[in-house]
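Residue numbers (our numbering), protein chains in the order written: chain A, 1 to 131; chain B, 1 to 221; chain C, 1 to 574.
These are calculated hints, taken from the structure and not from any lab test.
This structure is a prediction, so every number in the text was calculated from the model and none was measured.
Quick reminder that beta carbons are idealized off the backbone N, C-alpha and C, glycines included.
Hints may be right or wrong, so weigh each one.
Said to hold, decoys possible - With the Cβ distance kept under 10 angstroms, some of the chain A side facing chain B (calculated, not the full set):
hint, residue
1, MET1
2, ASP8
3, GLU18
4, GLN21
5, MET53
6, PRO55
7, GLY58
8, GLU61
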Amino acid sequence: MKVLLVDDEAEFINTLAERLQLRGFQVLTSTDGEAALQAVEEDGPQVVLLDVMMPGLGGLEVLQRIKGKHPSIQVILLTGRGSTREGIEGMRQGAFDFLMKPIKIEELMEKMKAAYEVFQKGATEPEVKPL
Amino acid sequence: MTDQEIAFMGKMTAGMTHEIKNVLATIKESSGLMQDFLKLRQDASFPYGEKFAQILAGIQGQVARGVEISTRLNRFAHSMDEPVITLDLNEIIDQVVFLNQRQARLKQTELRGIPSGEGLRIETDPFRLQLVLAAAIYYLLDRSSPKDLIILRPRKTEPGAAVDIQITAAAETAKSIEAPRPDLPPELVEFQNILDQLQAQIRPAQVGGKEGLILVLNKTR
Amino acid sequence: MPEVLRKYFKKLIEEFRQFPDYGESPERYKILRRNIIILMVVITIVPLLLMAVINYHQYQKALQGEVVSPIRGLLNKTKHSFELFLAERLSAVSFIASAYSFEDLADQAKLSHIFQVMKDKFGGFVDLGLINIDGLQVSYAGPYDLRGKNYRDQGWFQEVRVKGTHVSDVFLGYRKFPHIVIAVQNITISGKSWILRATIDTEKFNNLIASMGLDPTTDAFILNREGIFQTPSKFYGRTLDKFPLPLPPVSYEPNVISTLDNLGEEVLLGYTNFINPSFILVMIKPRSEVLKTWYTLKSELFLIFAASVIGIFFVVFRLTNLLVRRIEESDQKRKMAYHEIEYTNKLASLGRLAAGVAHEINNPMAIINEKAGLMMDLIQVAPDFPEKEKFLSLTASISKSVDRVREITHRLLGFARRMDVNIEIMNLNEVIKEVLGFLEKEMMYRNIDLRLQLDESLPKIASDRGQLQQVFLNILNNALEAVSDGGTISITSFDRDMDNIGVSIQDNGPGMPEEVKEHIFEPFYTTKKISGTGLGLSITYGIIKKLGGEIEVHSTEGRGTTFTLILPKKAKTA
């Protein structure tokens, strides 16, 4: 599974990326929204972990753009204590789920695996696409 | 909020920053211990020796960051102790700028205090002052664009002091505000009470076509 | 093809049944919506379609009947008129043949007189002639000079000799226009026979057809057994031409068939055979005329069907959207409840400032957390890590420390938010119901018996909605944890006195002993071994105190616990 991590805190996602790689994931990282969108186009991840509170192109906007062009890519939002509202709004806009920082890696992996399954369904059975 | 509530809040916050600092110290110790271990085993083959050193250094860095933030928070907490103190306006502005860095960063705007040449001591309510300065900052953040700079520049006036808070271009930080209007912007009306308690006014103004506010403080030492 | 359909259908039905198990994916709402829409559309449109098809056929039949019956009627009527006409003429000739003697009839003058009377009284006769047994025209009354003509070789003569009477087809005889002949043979007692022959005016034929009163597009005419026109047709030929179409099967009852004419037009052909003479009365009506009504009806039917389908789709889509959105919203509300939303909507407030700083601290903590986690991962992967235990415990301690910091900032934020009291006028019953809304799924799932005794006339109070929600959420969560499945939770609201209202929340859980009750509102006091910070009730206590109210707890071991809140009607915040 190829996953893209997006958060403006570089040390955070770099460390998280290492931990996920140890667990067999293919990991890409971006520290801002624009770079993230580019990575989505160029490297084709199946799951995206996205921080909602980022300067510039905010998490929700990145989510909208990803879902607009690649609806089968699953997005998991990262929220902080004060951004649960954005998390829920993101669900409404098509995010697969959301997690609060600091995260428990087991929980993250569970959600990513579930998201990946949904991605695969979307990719192989186009006739049964939800309305 | 009443003075007692503010003082209470200050006490609680100060207490919590102490706790946080303690915890950070614990983290520092644990990582320090691991670093020592690694140093001891430097010659013997230690798996991930380099890697761990790197990780632990990273942790120490973040601990330091956390400590700085808690210290600042502690200072803020103490500013809530008394409703009236004599303070240096430059220092208070420095504090306010720090407290709101995150908000500014999210808007991709820089927040900066421009210190006045001499010290500017005034007698005022530190918490309420910080509150209205923060309100002014948020008001301007809502009207700023990415890459803007918002400066806070205190200056002496007769009889008191004033703080120019303005959106500006980096090169024009010296340009002063012109022709302030007397009316408080509607978004800031809820702070009228606090402004009255501070014996201060906020006036909207413009500098070089960009938005600004002047906080006028009528009391000084 | 049906195999694929069946599989698809099965899948749909399975998915539909499994809705709650779709998991936490937001896809499930899309799937649910799709399934409901498909089901509803199928259920409504299939019967509609069936009905439309049945109606179509019924109408078609009925309409055809409506067109066919009049044709039949007209054919019958006209046939009878014809038969009557011919019968009358025949009997007239027969009468004369038997009433007069051969000599009388052979007398030219007498014959002329008889002929004159016939013409006057009957009409339709053109001439009258007496022919002897050898075929010689003995006497003749009429416009033509036919006396002395011999008919011995003519077909009709021979037929008359055999049959006794004869009505001919239309033919062009010596005269060059169409006429028909009635001939009657008379045999006297003495054995003498002769033939009396009269010619009938075919005008009368044509008049009979004209009297059918047909519209300009309908054609009617008479054919003989060989398909030769006996009367002129409007569109298909003149008298004595051959009918261009094959003759329909013989039917003495009027029959209507649908066929193509010689120009390729679709027509309705009505016909009836005469018994005597062997004529066929034919009526041809273009189908398009007939079908004008049918086409209007058909298009009306289609329009109604199309409009209904569009209407159905519209309603189904809207309804389903509404339904699924409601489900989604209530699911999300519940999620929100368990994440304790923080909203700081003031432009600047202590809450907002505190939140900013808390986040600043949480970021480095998140990083430390990941780094510690990474170390733990590496240690566990390495087969022979020295001092494994030591390192693992140190990293674990770091993670725990991070958790502690998180907890502290959470507390800080909570305090800050509570300091910002937002007063508004509200109906407490509504606040209670809102909080119950967050918890109703769990209560339903666990079969909790919820008893509400909320005073309908409870006066409105001035207080902080968000914080009261927190209070109720906290107390109700505790109650839910205390009771077992199927337990009872009662909520009562009442007007206590002039200044205060009251709310009591009672559960039938195990209750608590005296020692626990004494410390229940203390910070960090908890009886839960694993979860919980012990802060919930102390925070609740703090909120109620801040809002100027009181909170009490009563409990009996084995019976249950009751929390009672007293809240001032007017904001009494310190």
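Each hint, compared with the structure:
{"no.": "1", "hint": "MET1", "in the structure": "violated, 24 angstroms"}
{"no.": "2", "hint": "ASP8", "in the structure": "holds, 8 angstroms"}
{"no.": "3", "hint": "GLU18", "in the structure": "holds, 9 angstroms"}
{"no.": "4", "hint": "GLN21", "in the structure": "violated, 13 angstroms"}
{"no.": "5", "hint": "MET53", "in the structure": "holds, 6 angstroms"}
{"no.": "6", "hint": "PRO55", "in the structure": "holds, 5 angstroms"}
{"no.": "7", "hint": "GLY58", "in the structure": "holds, 8 angstroms"}
{"no.": "8", "hint": "GLU61", "in the structure": "violated, 13 angstroms"}
Of the numbered hints listed earlier, those contradicted by the structure are 1, 4 and 8.
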